[in-house]
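Asker: Work out the full structure: start from the sequences and follow the hints.
So our numbering is basically just the index in the sequence shown, starting at one, shifted up by 23.
Derived by calculation from the structure, the hints in this document are not laboratory data. Remember, predicted model here, so these are calculated numbers, not experimental data. Even glycine gets a Cβ: it sits at the ideal position worked out from N, Cα and C. Keep in mind that a hint or two might mislead.
What the hints assert, rightly or not - Under the rule of at most 27 angstroms between Cα atoms (straight-line distance), these lysine-lysine pairs were calculated in the DSS-like manner: (1) K121 - K56; (2) K190 - K228; (3) K191 - K59; (4) K89 - K45; (5) K228 - K191; (6) K118 - K56.
Stated by the list, open to error - Here are the computed distance ranges between Cβ atoms for each label pair: (7) R72 - N94: 26 to 34 angstroms; (8) K41 - G214: 44 to 52 angstroms; (9) I117 - D237: 18 to 26 angstroms.
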Amino acid sequence: MAMGSIKRFFYTYGVLLKDAIKTTSQLIYGVWKVSKLPHPIVTIFGGSRFAQENKYTRQAHELAHKLVERNISVITGGGPGIMQAASCGAMEVIKKNKSRARTLGITVSGLESEGINECIVDDYITTDFFFARKWLMINYSVAFAVFPGGFGTLEELSEVLTLMQTKKLASVPIVLIGSDYWKPLLDWWLGYAVKEKLIVEMEMKLLVVVDDIDQAVELLKHQCDECEKMDKKRIVK
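Answerer: Now the structure itself:
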């Protein structure tokens, strides 16, 4: 093997090993941070480009606020828009009650141009890869709320549905907030994807579309209560 080839070999595998070690350490730290959150945990997904006075960001703020009031922790993607609104809603309750932190933002390096989430100064994790971020956001949550968003939000929703479909994640209702946004997509899924047998209709029943935040809170709270009951049964056994 020529000297140039040897150098390329060690450089390539050195970079791969470095990335693997870094990602593993970030995941371990992330698991530790998530484990400090009181259970149950709900993850809130949504777009980063909404201004804070938008109706969806106001609803995200209200949703997170009401969940934390009910002793439910909230995880977000740690960015601006919907994520910031949810983080701020959760932090309001925490500061008011001087209680244990019940919110965590999990962001990705390189997204600084999106803006800063002012409500996760202390409670956040930064990963280098999207897959690590998603794994931490999804794996420890018992319920999910999804606000309107772009490709990232749609990809996160698809990831959760795929994990449920493949039995890697327990099948639970996913609350979609904003019928104006979600109905056209669901109509397409039902009218074309299900018809062509690309999606199983039963899986579509996991998606619950609401416009009322109190209804969303009740759905998410019910799911959290059900999971707690199951956990208690496991402990008894």
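Asker: So, for every hint listed, does it hold in this structure?
Answerer: Against the structure, the hints come out as follows:
Restraint check: the Cα-Cα separation between K121 and K56 comes to about 19 angstroms, which is no more than 27 angstroms; the hinted pair holds. In summary, the hint linking K190 to K228 is supported, as the alpha carbons are separated by about 16 angstroms, within the 27 angstroms threshold. Between K191 and K59 the alpha-carbon distance is near 23 angstroms, which keeps this suggested pair within the 27 angstroms criterion. With a C-alpha separation of about 36 angstroms, the suggested pairing of K89 with K45 is violated against the 27 angstroms cut-off.
Straight-line distance between C-alpha atoms of K228 and K191 comes to about 18 angstroms, which keeps the hinted pair within the 27 angstroms bound. Between the alpha carbons of K118 and K56 the distance comes to roughly 19 angstroms, so the proposed pair stays at or under 27 angstroms and holds. Between R72 and N94 the C-beta distance comes to about 31 angstroms, which sits within the given range of 26 to 34 angstroms. Checked against the hint of 44 to 52 angstroms, the C-beta distance between K41 and G214 comes to roughly 47 angstroms, which is consistent with it.
The hint said 18 to 26 angstroms for the Cβ distance between I117 and D237, and at roughly 21 angstroms that hint holds.
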